[in-house]
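Colleague: One letter stands for each residue in the lines below.
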Amino acid sequence: MGEAIVVTSGKGGVGKTTTSANIGTALALQGKKVCLVDGDIGLRNLDVMMGLENRIIYDLVDVVEGECRLQQALIKDKRFEHLFLLPAKQTKDKSAINTEQMESLIKELKQDFDYVIIDCPAGIEQGFKNAVAGADKAIVITIPEPTAVRDADRVIGLLEKEKTGSPKLIINRIRYGMMKQGDMLEVDDVIQQLGIEILGIVPDDEKVIKASKDGEPIAMNHESKAGLAYRNIARRILGDHVPLLSLEEKEGGFFKRVKKLFGIR
Amino acid sequence: MTTTKNIVTIKGTKDGLVFIMDETCSLEELFIQLKDKIEHSHQQILSGPLIPITIKLGHRYLTSEEEKELREIIKLKSNLVVKSIDSLVITKEQALLDKLMSTVRVETRTIRSGQELRHMGDLLLLGDINPGGCIYSTGSIFVLGALRGMAHAGCEGNEEAIIAASLLRPTQLRIAHVISRPPDEWIDGSNDMEFAYLENGQMSIDKLNQIHKLRANYWSKIDYT
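Each protein sequence line maps, in turn, to chains A and B.
The first sequence begins at 221 in this note's numbering and counts up by one.
The second sequence begins at 134 in this note's numbering and counts up by one.
Careful, some of the hints might be misleading.
FRET-style restraints, in silico, Cβ to Cβ [to be verified]:
#1 A:Lys383 - B:Asp325: 39 to 49 Å
#2 B:Gln343 - A:Asn318: 25 to 35 Å
#3 A:Asp313 - B:Arg242: 43 to 53 Å
#4 B:Arg242 - A:Ile429: 31 to 41 Å
#5 A:Asn318 - B:Gly290: 44 to 54 Å
Listed next, the stretches of chain B that the computed footprint assigns to chain A, with coverage defined by at least 3 CB atoms under 8 Å from CB atoms of chain A [unchecked claim]:
#6 245 to 252
#7 338 to 347
The hints are simulated quantities; they were obtained by calculation from the structure and are not laboratory data.
Note that beta-carbon positions come from the ideal geometry of N, C-alpha and C, so glycine has one too.
Starting from the given sequences, assemble the full structure and let the hints guide the process.
Modeller: As structure tokens, this is what we get:
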């Protein structure tokens, strides 16, 4: 019996889909059997991010409505043997399914997979409720901006009443330069305010944008810092004790660069 | 003879007159005799300058309607002023309210954005109030944690109420009917434990170790016996 993890944020555009795709990919890299579920019915993106859009025949709503079997709707990833995607329907909206249907669907998926990663839509309405319904655990994504932190806080409050319990936090799109200058919220301040366990921090990386254009998750890129951050997150999900490497490394890197500057002088 | 039975006993003290009411007779009988005593039999005591009156009801509970009727009777003599009406009986609702008002409720949780906590009486929160979270109390609010959201103390009009927090960084503070926006009105980077209070209808902030000077009698008023 696998584990279902919902990836949510409240606010839109902070990187839920990117994170879902990359956590799924990174877990698959570790040899786990993973299913990515796109919970964003009507505004599906996860298939595009994974570069699997052209393979969609059936989708999540078709499965729930009995139009097809679950196995028919699952799309096998082109890179990994054990990575699958259950796409959302583009022609319906969030009200197309209810929480009970979602719950039983996720339960069925957990039989076959080690990890079921559910990509939650923005907002706290029906789509959110559906996405959370079947999940055992939750991950909240935020970026170091007050609006995103506020929405993350709201979502954490809602999740604490669900069976997922207190979620874990990922802070995305961190810009070290700005943070050092005090132009961006500090990672520590965000963690302190939200008061939940931190699962990882992901630096802002232009390569992520290119990766989404190419449909190649950044977690597969071994030169990208964001890719390393996602692989570390996957290891933490698997229970490895990986220190918040990226932060410490970046700080080291920053100081090294400063030292280098002085050295040149 | 029922008429000889003394239902209403009037005693003089240095603080005025005390009316001691029999608690076993019917209310109707009581009102008849009270009216009789006030209008006829005790003219010599009950006239002259203003006299404060204390009414002791014993184990009798008066509804607000009945209390109004009692006051109407006393009012027949214009020089009688009802100072207090004491009854040994209170309603369960009043008892519960009194209990809440005299004890500090302890809550342990984080009040997150979109959540709110309401309480009658004083409230001690062991945890944070995040921006977008609200906490309301008819009494005072004490936060062992960071207050980053909105807190409203004395929300039914108690201007003596205070708001104290380990870290006072609220988005908004309210005490009774006064609303203040800290970032605009006062910025204080102090990491000391502080509290907000009303002074001449203005929100003021001070360190918690000053509270004994500013609200010396607020808590001693509560009878903890």
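Colleague: Hints first: check each against the structure and report whether it holds.
Modeller: Structure-based check of all given hints:
1. Distance hint check: the CB atoms of Lys383 of chain A and Asp325 of chain B are about 41 Å apart, consistent with the given range 39 to 49 Å.
2. The hinted range of 25 to 35 Å is not satisfied by Gln343 of chain B and Asn318 of chain A, whose Cβ atoms lie roughly 57 Å apart.
3. Checking the proposed 43 to 53 Å range against Asp313 of chain A and Arg242 of chain B shows it is violated: the Cβ atoms sit about 35 Å from each other.
4. As the Cβ distance of Arg242 of chain B to Ile429 of chain A is approximately 40 Å, the hint placing it in 31 to 41 Å holds.
5. For Asn318 of chain A and Gly290 of chain B, the hinted distance range of 44 to 54 Å is satisfied, since their beta carbons lie about 46 Å from each other.
6. Proximity of the region 245 to 252 of chain B to chain A, defined as three or more residues with a beta carbon under 8 Å from a beta carbon of that chain, is established by the 4 residues found.
7. For the region 338 to 347 of chain B, the stated coverage by chain A is not satisfied: 0 residues place a CB nearer than 8 Å to a CB of that chain, which falls below the threshold of 3.
Going down the numbered hints, you'll see the structure goes against 2, 3, 7, while the others check out.
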